[in-house]
Amino acid sequence: MISFDAVNKRFDDGTTAVHELDLEVPEGEITVLVGSSGCGKTTTLRMVNRMLDATSGVIRIDGRDVREIAGSTLRRDIGYVIQQSGLFPHRTVADNIATVPKLLGWDKKRVRDRVEELMATVGLAADLGRRYPHQLSGGQQQRVGVARALAADPPILLMDEPFGAVDPVVRALLQDELLRLQAELRKTIVFVTHDIDEAVKLGDRIAVFRTGGHLVQFSTPAQLLTHPVDEFVADFLGAERGLKLLSLATLEDVPVRPTTTAREADESGGDEWVLVLSDQDTPLGWRSSSDRALIPAHGLSGGDSLLAGLDATVSSPTGLAVRVDAAGRYVGVSDQRAINESATRFRSEVLVP
Amino acid sequence: MKWSWIPDHAGDLVTITLLHLRMTGTAVFFGLLVALPLGLLAYRVPRLKSVVLGVSSLLFTIPSVALFTLLLPLTGLTPTTVVVGLTVYTLVVLVRNTVEGLESVPPKVAEAARAMGYDRVRTLVTVELPLALPVIMAGLRIATVMTISLVSVGLVIGQGALGQLFVDGFQRDFGVPIIAGIVITLLLALVADALLVGVQRVLTPWHRTGR
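Top to bottom, those sequences are chains B and E.
Once you know that position 309 of the first sequence is 309 in the UniProt record's numbering, the rest is easy, because the numbers rise by one and skip nothing.
Once you know that position 44 of the second sequence is 44 in the UniProt record's numbering, the rest is easy, because the numbers rise by one and skip nothing.
All the pointers check out, no bait thrown in.
A few chain E residues that don't get close to chain B, going by computed Cβ distances all over 10 Å:
1) M1
2) S4
3) L18
4) S64
5) S149
6) G198
List of simulated lysine-lysine pairs, DSS-like, C-alpha gap at most 25 Å:
7) K102/B to K108/E
8) K108/E to K187/B
9) K49/E to K108/E
10) K102/B to K187/B
Honestly, the hints are just simulated from the structure, not real lab data.
Positions of the beta carbon are idealized from the N, C-alpha and C atoms, including for glycine.
Looking at chain E on its own, in the form it has when it is part of the complex (with noise of 0.2 Å):
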């Protein structure tokens, strides 16, 4: 094993680490976007709620050499192409977990707030999404580690960010680029599931109290 390969290919690596960190986040941001108003009208209309979730179940068991194959018309080989076939992905879970969090809600405290004089919308943004946040963001803690490691399917089409390792490694029947790419993904999951539960712990500080 040749270890000084990662010392040698310190700035690819940082540019490649850099770049799957810009395609989760991208891909987590605008899943969330489209998740949180399907997950809303799954909520309101409940006559809806079976198949916003059906559909979205479903489009996860497309394959992504499918999805991409589709894609590429529109968007080309590029990043974009992973980007949107991922925010299609963390559907499967940001939408679930945006109904049962709006569903956790206790319905007493939605009634009270409606009894104040709380209209439909402030009732939504002050009281239901703030409720319904835990279970959101645990949501968003399983998307963004699962697109994390999905982002290198992108190696398909050549944009597989630290996926491009496995290739590069594989190719050359070399392991330290393939090991590389394993841990740099770990970690990247590790260090992002841990920000989000600071970031929950910021915005629910009524969690945080005992008795």
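Chain B extracted, bound-state conformation (with noise of 0.2 Å):
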């Protein structure tokens, strides 16, 4: 566990980046400090492996100082992965990758093993282990950092802005990969970004910081979106304070009804609109005698969220959201208001404080 007592952080030009933080970091969790810039956070990132020192106030892991640890052996014990990944230019994945091991002086073939074993697990292609950093797209290097912070298995891992400077679709992608990592490491992971859609989507906590380094609420996402603790909050949360929390509730306990279905080859008659299953039974899309066209369909599992369940609802001519299975076979459909009961559902259950 992070602990922070009392911390300050003055910068010798007068600024405060850090007021009187008291933040507590569970263990094996990721805690999202979120905030517009020059807000303080990636400062109280910073100053959690002594990148940065403390003007006053005290930062403990598990209990100790983290001023009683030299910098740079206190930093081999902690992984840290920075926006636009920060990888060494000049040396290949492979060696980035070895970088934490190969300073705590373990064997070449100990550092050979974890650095294929890590390139694995972040879905890096073995042979792009000889490549150097420049040769790589965007999310590739992105990944090759979070295998770099990985390396020695710190049980700490600080992460600034990692997916701040790839596309949404690949941030999207590196965020799914980043929490099935987690569900399988549980590591401590500290994470800054500017995003409150990330953050809700990443953290089990999120604490939101204000100009000025003050810490205004440190609270689950649900918590967070539900009862933001003043008007600062609320609007930093924006507009689609409802929506996001929908983000956070999944399929799982929505009901699923059958409806038509048939098959890509048939030749349906009636004026009902059809879902078009493939021979796999994934389904294709719906379609309607009168129109020929295909209207494409994706199937959700029930790992997916309200608010991809509702925005499937919305854009279907039907009004209904096609249910999967996990291998993606078709189950059934669920309409909007069976959604909406879940929301609902879901939305008392958070109320409750």
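Since each chain comes alone in its own frame, lean on the hints to assemble the complex.
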């Protein structure tokens, strides 16, 4: 566990970056520090591994004051991922990942095995190991950055806007993979972002900072969205607070009912919309006899969010969200009313303090 | 034109060419030895940057005759006097390129090195200097070519290596040694530059690869 106890950070030019910060970062969870630029979130992160030292107050890791530990020793035990990955351009991907293990004096074979293992873990093809960073795409570089931070299996991972420089599609993919990795690794992750959607998606807990280094609210995403402590937090969460809340609940408990389906080759009669399935039972789209064109439909599984379900009902010609099992095979449909009922139920659950 | 002068003096030509090379190499080597720490100092202590760069540029404006005269009481009419002078002249390029090379290292990379647990020295030696290398090497190439042509000014104290050929030619109103001197100097510059390009390619493998 990382704890901040009355921590202040003032820079030489007199600006206060962090003001009287008390914060306990729980073990094995993702804690997101969020706020607009200049709110002290990055400074807070950088004080954990002593890239910066607090002006006053104490930061402890598992009860031990970080200032009792030499900076470079401390930093070898804490993973660090930054924007644009900060990879060493003059070293191959494999050598980049091997940075900390080599510093720690691991033998060659152990380093090589670990690099191989990590590349697979973060989803990089093994032959990329011999490439240089500039030969990779932005998303691949960011994966290398994560692999490098994980190399010596540190219990703590600090991530400073790691996905800020990649396009939205790749960012969403990297976020999903981080969650998948975290489910497996259970690291204590401190994640800095200015993107509230990213915070809500990734955070087990979210700390909202305000300019001048004030921590305004520290709570779970659901609490934050339903109970913002003041106007500032409410504004920061944005206009679609209700919809963001729906991104936290899944379709798991939303009832499924059958609908008319057809195979691609069928010449269906009637005026009704039918759901066209492939031979493997994966949904392809909606078709009506009056209009032969297929309107694509994307199947949602129980793990997808209520928000995705609602979106599917709004964009479907039938007002129905197509549901699939884990393997992507059609199981039925859910209508807007069913999704709304689940949303209401979820809201009432999280509203209970 | 008596071109046969060249084969007749082949042995002498080889000897002074080697001397020319040795003087160039020594001057550039010591220039680098002085410029690296100075450049590092200017990079690390921003207050000193303009002073260090200013002085290294100022030294270059001292006329060679004046510089050699200043050195005469110490080193006499020897090649050493010329080499010391040339070393001073290389600093104008080498110091500036060392600073610029180090400044070209992306801050995120230096930050990452620190965050991985590198100390100052290791960051400098294994991250900053290798990344500054292309710019430092560019300076080294300019300094080398410049020095190869400048060695000849040593003729004012009788230590011009290939430059002595010009003295010889002028005194006897005979063009062949002058032409030989110019051609050999030119060839030396071209070969040295090509060699340094080769060295740089070997030292910076990450620059050789395309996407």
